[in-house]
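Chains as they are written, first to last, in full-length UniProt numbering: chain A, 1 to 233; chain X, 1 to 233; chain Z, 1 to 233; chain D, 1 to 233.
Hint data in this document are derived by calculation from the structure and do not stem from the laboratory.
Mixed in with the good hints there might be a few duds.
Since the list gives no way to pick one copy over another, a pair counts as held whenever it fits inside one copy or between any two copies.
Unchecked claim - Result set (PhoX-like, lysine-lysine): computed pairs, CA atoms no more than 20 angstroms apart in a straight line: (1) K152 - K135; (2) K8 - K213; (3) K103 - K16; (4) K135 - K44; (5) K50 - K8; (6) K123 - K44; (7) K123 - K152; (8) K225 - K50; (9) K44 - K225; (10) K213 - K50; (11) K103 - K149.
Protein chains: 4
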Amino acid sequence: MENIDFSKFEKNILDKGFVRLVDMMGDDYAAVKAARVSYGQGLKTPERDKALIIYLMEHGHETPFEHIVFTFHAKAPLFVARQWFRHRIGSFNEISQRYTEIKDEEFYIPSNVRVNVPEDRQKAVQLNDEELLRKVIDMMENVFDESYKIYKELIGLGVARELARIVLPLATYTQFYWTVNARSLMNFLNLRADSHAQWEIQQYAIAIADIFKETCPWTYEAFIKYGYRGDLL
Amino acid sequence: MENIDFSKFEKNILDKGFVRLVDMMGDDYAAVKAARVSYGQGLKTPERDKALIIYLMEHGHETPFEHIVFTFHAKAPLFVARQWFRHRIGSFNEISQRYTEIKDEEFYIPSNVRVNVPEDRQKAVQLNDEELLRKVIDMMENVFDESYKIYKELIGLGVARELARIVLPLATYTQFYWTVNARSLMNFLNLRADSHAQWEIQQYAIAIADIFKETCPWTYEAFIKYGYRGDLL
Amino acid sequence: MENIDFSKFEKNILDKGFVRLVDMMGDDYAAVKAARVSYGQGLKTPERDKALIIYLMEHGHETPFEHIVFTFHAKAPLFVARQWFRHRIGSFNEISQRYTEIKDEEFYIPSNVRVNVPEDRQKAVQLNDEELLRKVIDMMENVFDESYKIYKELIGLGVARELARIVLPLATYTQFYWTVNARSLMNFLNLRADSHAQWEIQQYAIAIADIFKETCPWTYEAFIKYGYRGDLL
Amino acid sequence: MENIDFSKFEKNILDKGFVRLVDMMGDDYAAVKAARVSYGQGLKTPERDKALIIYLMEHGHETPFEHIVFTFHAKAPLFVARQWFRHRIGSFNEISQRYTEIKDEEFYIPSNVRVNVPEDRQKAVQLNDEELLRKVIDMMENVFDESYKIYKELIGLGVARELARIVLPLATYTQFYWTVNARSLMNFLNLRADSHAQWEIQQYAIAIADIFKETCPWTYEAFIKYGYRGDLL
Numbered sequence: 001m002e003n004i005d006f007s008k009f010e011k012n013i014l015d016k017g018f019v020r021l022v023d024m025m026g027d028d029y030a031a032v033k034a035a036r037v038s039y040g041q042g043l044k045t046p047e048r049d050k051a052l053i054i055y056l057m058e059h060g061h062e063t064p065f066e067h068i069v070f071t072f073h074a075k076a077p078l079f080v081a082r083q084w085f086r087h088r089i090g091s092f093n094e095i096s097q098r099y100t101e102i103k104d105e106e107f108y109i110p111s112n113v114r115v116n117v118p119e120d121r122q123k124a125v126q127l128n129d130e131e132l133l134r135k136v137i138d139m140m141e142n143v144f145d146e147s148y149k150i151y152k153e154l155i156g157l158g159v160a161r162e163l164a165r166i167v168l169p170l171a172t173y174t175q176f177y178w179t180v181n182a183r184s185l186m187n188f189l190n191l192r193a194d195s196h197a198q199w200e201i202q203q204y205a206i207a208i209a210d211i212f213k214e215t216c217p218w219t220y221e222a223f224i225k226y227g228y229r230g231d232l233l
Numbered sequence: 001m002e003n004i005d006f007s008k009f010e011k012n013i014l015d016k017g018f019v020r021l022v023d024m025m026g027d028d029y030a031a032v033k034a035a036r037v038s039y040g041q042g043l044k045t046p047e048r049d050k051a052l053i054i055y056l057m058e059h060g061h062e063t064p065f066e067h068i069v070f071t072f073h074a075k076a077p078l079f080v081a082r083q084w085f086r087h088r089i090g091s092f093n094e095i096s097q098r099y100t101e102i103k104d105e106e107f108y109i110p111s112n113v114r115v116n117v118p119e120d121r122q123k124a125v126q127l128n129d130e131e132l133l134r135k136v137i138d139m140m141e142n143v144f145d146e147s148y149k150i151y152k153e154l155i156g157l158g159v160a161r162e163l164a165r166i167v168l169p170l171a172t173y174t175q176f177y178w179t180v181n182a183r184s185l186m187n188f189l190n191l192r193a194d195s196h197a198q199w200e201i202q203q204y205a206i207a208i209a210d211i212f213k214e215t216c217p218w219t220y221e222a223f224i225k226y227g228y229r230g231d232l233l
Numbered sequence: 001m002e003n004i005d006f007s008k009f010e011k012n013i014l015d016k017g018f019v020r021l022v023d024m025m026g027d028d029y030a031a032v033k034a035a036r037v038s039y040g041q042g043l044k045t046p047e048r049d050k051a052l053i054i055y056l057m058e059h060g061h062e063t064p065f066e067h068i069v070f071t072f073h074a075k076a077p078l079f080v081a082r083q084w085f086r087h088r089i090g091s092f093n094e095i096s097q098r099y100t101e102i103k104d105e106e107f108y109i110p111s112n113v114r115v116n117v118p119e120d121r122q123k124a125v126q127l128n129d130e131e132l133l134r135k136v137i138d139m140m141e142n143v144f145d146e147s148y149k150i151y152k153e154l155i156g157l158g159v160a161r162e163l164a165r166i167v168l169p170l171a172t173y174t175q176f177y178w179t180v181n182a183r184s185l186m187n188f189l190n191l192r193a194d195s196h197a198q199w200e201i202q203q204y205a206i207a208i209a210d211i212f213k214e215t216c217p218w219t220y221e222a223f224i225k226y227g228y229r230g231d232l233l
Numbered sequence: 001m002e003n004i005d006f007s008k009f010e011k012n013i014l015d016k017g018f019v020r021l022v023d024m025m026g027d028d029y030a031a032v033k034a035a036r037v038s039y040g041q042g043l044k045t046p047e048r049d050k051a052l053i054i055y056l057m058e059h060g061h062e063t064p065f066e067h068i069v070f071t072f073h074a075k076a077p078l079f080v081a082r083q084w085f086r087h088r089i090g091s092f093n094e095i096s097q098r099y100t101e102i103k104d105e106e107f108y109i110p111s112n113v114r115v116n117v118p119e120d121r122q123k124a125v126q127l128n129d130e131e132l133l134r135k136v137i138d139m140m141e142n143v144f145d146e147s148y149k150i151y152k153e154l155i156g157l158g159v160a161r162e163l164a165r166i167v168l169p170l171a172t173y174t175q176f177y178w179t180v181n182a183r184s185l186m187n188f189l190n191l192r193a194d195s196h197a198q199w200e201i202q203q204y205a206i207a208i209a210d211i212f213k214e215t216c217p218w219t220y221e222a223f224i225k226y227g228y229r230g231d232l233l
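Chain A extracted, bound-state conformation (with noise of 0.2 angstroms):
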């Protein structure tokens, strides 16, 4: 994509974290032009272009897609990231927290609390006590508190970085560098903008699909139609 303003696809996310678009290569074209090597052929009128793109995503001829990447850089907690480095069709660079050390503050804060449903051990449904609520909420931050003076205390009596922060909680944020095509992220959307994914990550994916429908509103249009498995988007 030429003269595209990257500063337009930055998002914020959960109390501290951020997903940004840092670069890109391709776009619609580029799945049709991919596409179109198979017969011979080029680029045509926009309206069979884009026609184009609808068979493809409604056949399940996917590979077309993986000639549009995307380059992230995200901020979200440890957990969040794990669940993310599982998919293994993609390119990570993560900060190390081996080599450098974990700022104040790095902790997140829910605002949405999920508490069990008793009739059904996998779902769960928002907290609304607000009580109750302020009161989970300073239980974790005093957690998060003293996991962090310990932290520092165990970085000043010279313990190496790499093992001091095994104290840290998995709500600690961390950064990180995603490349990606956009056939493996239509399969990131669709296990992680859904309802059984956890609430944290459905936050990223949901700006990730934003970003994805903004710079490719064919393809995107054409996945929810035919390729989307999920019930968020």
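Dock chains X, Z and D against chain A, hints included.
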């Protein structure tokens, strides 16, 4: 491999972890047979079969080793699992801390504590001061106890497990199945059975190298001679 | 799988091809065990194990099936192998036509000849006109004989095999080892055991489906019910 | 890369082939930025950025180079494409000979003919005997003409293209799009820009190396110094 006694291939690692060989397909001969397909030939004498394995490794012909496949069951702290899961050529199934309640005492307490060397930020040496070691471990145990207490209280308040767990430290143990072919396993050993890797994952890598050596002795010998780029085996 | 009789799993395909199961790791229970790791549980009753497999397939939880792994030995014409090798999640070792001399009569002579349907460019139907069929086959055999004669003459003149072979037709048979996990194998079946695939590769896919069905009956049943997107099984 | 003039990156290969850079994401700085995420730092002075690239390559830290991505359009004989497509980390879209009719004169006629060296079965040297060279090329051209004539006759009889093409030789040209990251591209160069590779694919690899050198000069320089295992660059 026929009649393999898998109980032989079970190693305790760190204070509460382990790695076990659960299943295996192929051995040195599987690589030989796959390589001989290329020349329209089958197995020959053991001497020539072993010589072929050495030839393949020396010349970087690694695909025949992809036909040897292992399934391991591992228990390791989260910070080790995070490093492990970065290896994308392989299959992981991990215990879900979204749905499973963490049991007491599932935290890694280091016996080997490293402290920084002032002259080299990336280097660390073992702490030998008994008193300081005791202090460091006490501090860690206190954080783990406190984190776990709050985790249990949050569960008691009805908070969903997927959210309660975010207070747990990176020292928390997890378990997973890992299916990996010998080529990808050798790459794992190159990176993790090496002094630049964190000491804890080195212990797992060395145990896996032992299992690899016992089940595929020729491949292991050729790997150490021609393929291994680490410094611990 | 213990004590598996691999000779059962050998199928002749087309006029001179075959597919054979050479080795295998895991079975229905391997997927169950891998999935149960997620819940800290092991095998249960057969009824519940089978129900779990159906649940996994129905909900698109495909990673547990990556712990079932097959190695096949196949002999197929080059134009079939080219389609097959497009499946990237798996391992191939193929006979080298750079170094190995092609033996006589290693060309695919079709018995099923398709002709175009004027109304639909992408459709083709079986040719039933015996005389025309005989003519088509004669024409093909003549090209194959002539190509092979020149190939031999070039070899006789000292031309390197890697270059002499470029006169050989796409009907030439090749052989290869293929190691693939059950998840990737199911994807292969979705695309190749389907009427949109070329008839020749369909025959291989159907044979592989049979072997899959006999070795992993529950997984196969669940796949056909919930995972299969083709139209031939 | 901004304002890149892609027409510069188009090379004619063999008698009728080519390789063209169609699109690109990232450059030397993309690898630097991805690596610096690990230390919580951004770009620094050019000297230090280049030094970082050399450090990464020297120590085998290859993931930052996955954030540089290329799309090439290539035209190559089928026997070259078959070797190329064995590289699984990357995306291919190829012209379909099932649906597209092959045009006349799309066969590779070698100018460089290798003959065997009696002493070494795997070695071959260029044929300098002009008369013999002419004879070899005549023989090849005759096969190609005959094969193509039969191909056209089969099409004329109504035989489906997917089946008629099986008489075509491995010298037939094909075209494809290839999207690949710099890490996988370097692996391609290690294996194909090497004297053990077939001479024809070497020509493509050398052209791609040139494009890589011009677009990522620091990465290329570091690769040649520390990462390259071939013998032609």
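Status of the hints after comparison with the structure:
| no. | hint | in the structure |
| --- | --- | --- |
| 1 | K152 - K135 | between (26 angstroms within a copy, 14 angstroms between copies) |
| 2 | K8 - K213 | within (13 angstroms within a copy, 32 angstroms between copies) |
| 3 | K103 - K16 | within (13 angstroms within a copy, 30 angstroms between copies) |
| 4 | K135 - K44 | neither (61 angstroms within a copy, 40 angstroms between copies) |
| 5 | K50 - K8 | neither (24 angstroms within a copy, 30 angstroms between copies) |
| 6 | K123 - K44 | neither (49 angstroms within a copy, 24 angstroms between copies) |
| 7 | K123 - K152 | between (37 angstroms within a copy, 19 angstroms between copies) |
| 8 | K225 - K50 | within (13 angstroms within a copy, 33 angstroms between copies) |
| 9 | K44 - K225 | neither (23 angstroms within a copy, 40 angstroms between copies) |
| 10 | K213 - K50 | within (14 angstroms within a copy, 36 angstroms between copies) |
| 11 | K103 - K149 | within (11 angstroms within a copy, 25 angstroms between copies) |
Comparing the model with each earlier hint shows violations of hints 4, 5, 6 and 9; every other hint is respected.
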